[in-house]
Amino acid sequence: AADAAFAAANSARRAAIRRADAACTALREAKASAERRRDRRAAKAQSDALEMDRRDARVAARDAQLALDVAAARQNAVTERSKRAEADARADEAAIAASHAKDAQQRLEEEIKVATAARTKAEGRAARVEIQSAAVEAARDDAVARAAAAQAEAAQARTAASKARLCAMRVATRAARDVDRATTAAAAAEATATTAELRASGAEKARDLAQAEAARCRKADETQRAALAAAEARSRDVVREAQEKLAAVEECVRDSRAERDSAVNAAQEERDAAVAAAQEERDESVEEARRERDAAVAQARAELENLSDEAAEHHDRGAKALLRCAELDVALRESDAQRRQLHDALQTLRGGVRVCARLKPGAGAIRAEGLDAVVVPSAARTKVDGGAAPSAKPRCVRLDRVFGPESAQGEVYAEVDALVRSALDGYDVCVLAYGATGSGKTHTMLGEDGIVPSAAKAIAAAARDRQRRGWSLRVRATAVEVYAEKCFDLLGDDREPLVLRDDGSVDGASVHTVSADDDLADLVRRASDARRTAATALNDRSSRSHALVRVELDGDDGRERLTGSLTLVDLAGSERADRAGTAQPGACDVRLREACAINRSLLCLCDVFRALARRGRASDDAVHVPYRNSVLTRLLQRPLSGTGKCLVVANVAPDQAQETNATLRFAADVSNIATNAPTKHVAKRNVLRARSANVTRPRKRSTK
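Sequence positions in the sequence shown follow the UniProt record's numbering and run 1 to 704.
Source of the hints: derived by calculation from the structure; they are not laboratory data.
In this text, all values refer to a predicted model and were calculated from it rather than measured experimentally.
Keep in mind that the hints are not guaranteed to be accurate.
The list that follows gives simulated cross-link-like pairs (lysine to any residue, SDA-like), each with its CA atoms no further than 20 Å apart [as the list claims (entries may be wrong)]:
#  : residue 1 : residue 2
1  : Lys113    : Asp63
2  : Lys457    : Ser472
3  : Lys245    : Arg41
4  : Lys457    : Ala418
5  : Lys121    : Ala227
6  : Lys486    : Asp507
7  : Lys457    : Arg469
8  : Lys320    : Ala331
9  : Lys31     : Ala274
10 : Lys205    : Arg216
11 : Lys31     : Ser262
12 : Lys245    : Ser256
13 : Lys31     : Asp255
14 : Lys245    : Asp48
15 : Lys113    : Ala233
16 : Lys31     : Arg271
17 : Lys486    : Leu592
18 : Lys486    : Cys604
19 : Lys113    : Ala226
20 : Lys457    : Asp554
21 : Lys219    : Ala73
22 : Lys31     : Arg41
23 : Lys320    : Val330
24 : Lys457    : Leu473
25 : Lys486    : Asn599
26 : Lys113    : Ala73
27 : Lys121    : Ala226
28 : Lys219    : Glu80
29 : Lys486    : Arg628
30 : Lys457    : Gln467
31 : Lys113    : Asn76
32 : Lys486    : Thr533
33 : Lys219    : Gln106
34 : Lys457    : Gly555
35 : Lys121    : Arg225
36 : Lys121    : Glu232
37 : Lys486    : Leu500
38 : Lys113    : Ala229
39 : Lys31     : Val264
40 : Lys121    : Asp63
Build out the structure end to end from the sequences listed, making use of the hints.
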């Protein structure tokens, strides 16, 4: 708060200073405007004076030119008279006339000199006016253009004077030529003296005329001298007026400077007063801000002391809370580990390989083939009546669970949900749907709310739950189908056969990392749509291949790493050629070959389960298990090798007696398999650190 008050005081001080500067700027602008107005008035007055001087100079130049013109005219008249006298006068009178002409020429030259001097004086006055104009121009920038114009006009005046002088020189030249002619004429007159003597009387008259002309020339000279004197007087008057105007301009400039200095001093005083007021206001604001800051600092210190006590108390509570969280985390991990142990123990007690049977709805229906099947489920029994002979005894098969015709998809998945948790805990889990064509395998596995879509939702929910508890779960999925003893990718664009490795993995199958909740379900739907199907006599949409969806689950919480897998298998239905219609005349050879390949691969799978049952009964690992007899069994070698958990769902239809008996015999063989305890894939964090330099995917198997 104190800093804010101090900042506000500084802001107020800066605002006051800005206002004072703005006032000074406005005052300076007003003074500058007044000075500009005065300068404009003075420049205008000076320009008017210069204009008057230029007019006077032009008048003087015109007068000089007029005088030169008069002199030239008079010279021309004298020349004409001299020419007339040359022809008529005697030699002496001609000489007198020539001398008078010379005198007239001299007078004209003197007049030209006087005119030239007047012009020189006019030029001097113009130069002085130009100097004064230049001084005024240097003092006032606004009069530069007008002074330049005045200089241009003065230059024009000088040009006019130069022209006048040139004309006078031309007149003088003509006069000189006339004098030469007069001299020549005098010589001629001497040569003709005798003729001149004869005309003496006429010469006397001519002499009288010449004297009269000389008198007139003298009068003209006096008139010209009077004109030159008047021009010189006018020039002196012009110079005097220019000097007076220059003095007035200088006086105006001095007045303007005095006014400017007084205005500047007043503005300076006002600015100093404003700065002093702003400084005083700032000091008051700073003092008030200091007081407020000191009060705020004292209050903040008191609050800080209180907050320190509260912070210490909160710190103690936080430490206790952290300790409690650590204890709860340890307890949660212990409870989670205990939950996994109990779950694993429960699943181990229930068996590594479990078999369930599901009855297709429509029990009691009798088909035209004469076969009848009655399935009566009890707590854990299923009775099958062959119906082939009246004396046939019912056969009893004991299974882990029997789902009746009224069982929903959710009840079936409830049996699988525990295995999905086992896969999340690091076990290899396999779920197979086995049965004849039309017994409901695909509906159980891939139908609405079936095992595969429900497992996808459960995995997504588990990923979110474990993420809240500090786990990171990486989910990757692949989907392949076995068709005609060849493996194909259901999620890739390429439909070429894939290469099967010795360990049962597929080379070239597309692996999809699942990040969102619906990604795994979408992948399952894509795989189901890409699967090969065809219509037979028993099913309009019969699966012609075995579909396998494998989900790799990789969980890590920073202390241990759990790596499990969930393999979901929808086997193609075993079918008899006579019942499926593939052996009828005209039937498609492709369907027959597909049925043969399906039955052969299912037979190989039965051989594998029987071999595993014999190995379990004999407790001898030397019993050969024929995994390599079929592509299907090679793909299922890892989940069926005895180190994982397996669930077989045997789907039976009550209207297929022989197929139901075969399916139940297969289920009985599978239920007799005795496996080892499932192996959990756990990698401790210290093991990961120790082997990270040498192993690309560290894994530790601890057998429980």
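Each hint, compared with the structure:
Between lysine 113 and aspartate 63, the direct Cα distance comes to roughly 15 Å. Compliance with the 20 Å bound is thereby established for this hinted pair. With a C-alpha separation of about 17 Å, the suggested pair lysine 457 and serine 472 falls inside the 20 Å cut-off, and the hint holds. Between lysine 245 and arginine 41 the alpha-carbon distance is near 13 Å, which keeps this suggested pair within the 20 Å criterion. At roughly 14 Å between alpha-carbon atoms, lysine 457 and alanine 418 fall within 20 Å of each other, so this suggested pair holds.
Only pairs whose Cα atoms come within 20 Å are accepted, and lysine 121 paired with alanine 227 is accepted, the gap being roughly 15 Å. Between lysine 486 and aspartate 507 the alpha-carbon distance is near 13 Å, which keeps this suggested pair within the 20 Å criterion. Between lysine 457 and arginine 469 the CA atoms are separated by roughly 19 Å; this keeps the pair inside 20 Å, and the hint holds. A distance of roughly 16 Å separates the Cα atoms of lysine 320 and alanine 331; the hinted pair therefore holds under the 20 Å criterion.
The straight-line distance between the Cα atoms of lysine 31 and alanine 274 is roughly 19 Å, inside the 20 Å bound, and the hint therefore holds. Of the supplied pair hints, the one linking lysine 205 and arginine 216 holds, its CA atoms being roughly 16 Å apart against a limit of 20 Å. Restraint check for lysine 31 and serine 262: the C-alpha separation of about 10 Å stays at or below 20 Å, so the hint holds. For the given pair, lysine 245 sits about 16 Å from serine 256 by alpha-carbon distance, which is consistent with the 20 Å threshold.
For the proposed pair lysine 31 and aspartate 255, the alpha carbon gap of about 13 Å is at most 20 Å, so the pair holds. Only pairs whose Cα atoms come within 20 Å are accepted, and lysine 245 paired with aspartate 48 is accepted, the gap being roughly 10 Å. For the suggested pair lysine 113 and alanine 233, the alpha carbons sit about 18 Å apart, so the restraint of at most 20 Å is met. About 15 Å separates the Cα atoms of lysine 31 and arginine 271, which keeps this hinted pair within 20 Å; it holds.
Restraint check for lysine 486 and leucine 592: the C-alpha separation of about 17 Å stays at or below 20 Å, so the hint holds. Distance restraint check for lysine 486 and cysteine 604: the Cα-Cα separation of roughly 15 Å lies within the 20 Å cut-off, and the hinted pair is therefore satisfied. The straight-line distance between the Cα atoms of lysine 113 and alanine 226 is roughly 15 Å, inside the 20 Å bound, and the hint therefore holds. Pair hint lysine 457 plus aspartate 554 holds up; C-alpha atoms about 17 Å apart against a cutoff of 20 Å.
A threshold of 20 Å between alpha carbons decides the hint, and for lysine 219 with alanine 73 the separation of about 15 Å falls inside it, so the pair holds. Taken as a hint, the lysine 31 and arginine 41 pair is honoured in the structure, with Cα atoms around 15 Å apart against an allowance of 20 Å. At most 20 Å may separate the alpha-carbon atoms for a hinted pair to count; lysine 320 and valine 330 meet this at roughly 15 Å. For the hint pairing lysine 457 with leucine 473, the CA-to-CA distance comes to about 14 Å; that is within 20 Å, so the pair holds.
In summary, the hint linking lysine 486 to asparagine 599 is supported, as the alpha carbons are separated by about 14 Å, within the 20 Å threshold. The suggested pairing of lysine 113 with alanine 73 holds, with an alpha-carbon distance near 17 Å, which does not exceed 20 Å. Only pairs whose Cα atoms come within 20 Å are accepted, and lysine 121 paired with alanine 226 is accepted, the gap being roughly 17 Å. Taking the CA atoms of lysine 219 and glutamate 80, the gap is about 19 Å. The hint holds against a cut of 20 Å.
Simply put, lysine 486 and arginine 628 have alpha-carbon atoms about 13 Å apart, close enough for the 20 Å limit, and the pair holds. Between the alpha carbons of lysine 457 and glutamine 467 the distance comes to roughly 15 Å, so the proposed pair stays at or under 20 Å and holds. Annotation: proposed proximity of lysine 113 to asparagine 76 holds, straight-line Cα distance about 18 Å (limit 20 Å). For the proposed pair lysine 486 and threonine 533, the alpha carbon gap of about 16 Å is at most 20 Å, so the pair holds.
At most 20 Å may separate the alpha-carbon atoms for a hinted pair to count; lysine 219 and glutamine 106 meet this at roughly 15 Å. For the hint linking lysine 457 to glycine 555, the alpha-carbon distance of about 17 Å falls within 20 Å, and the restraint holds. This hinted pair checks out: lysine 121 and arginine 225 have alpha carbons roughly 16 Å apart, not beyond 20 Å. Restraint check for lysine 121 and glutamate 232: the C-alpha separation of about 8 Å stays at or below 20 Å, so the hint holds.
Between the alpha carbons of lysine 486 and leucine 500 the distance comes to roughly 9 Å, so the proposed pair stays at or under 20 Å and holds. Taking the CA atoms of lysine 113 and alanine 229, the gap is near 14 Å; set against the 20 Å cutoff, the hint holds. For the proposed pair lysine 31 and valine 264, the alpha carbon gap of about 8 Å is at most 20 Å, so the pair holds. At most 20 Å may separate the alpha-carbon atoms for a hinted pair to count; lysine 121 and aspartate 63 meet this at roughly 14 Å.
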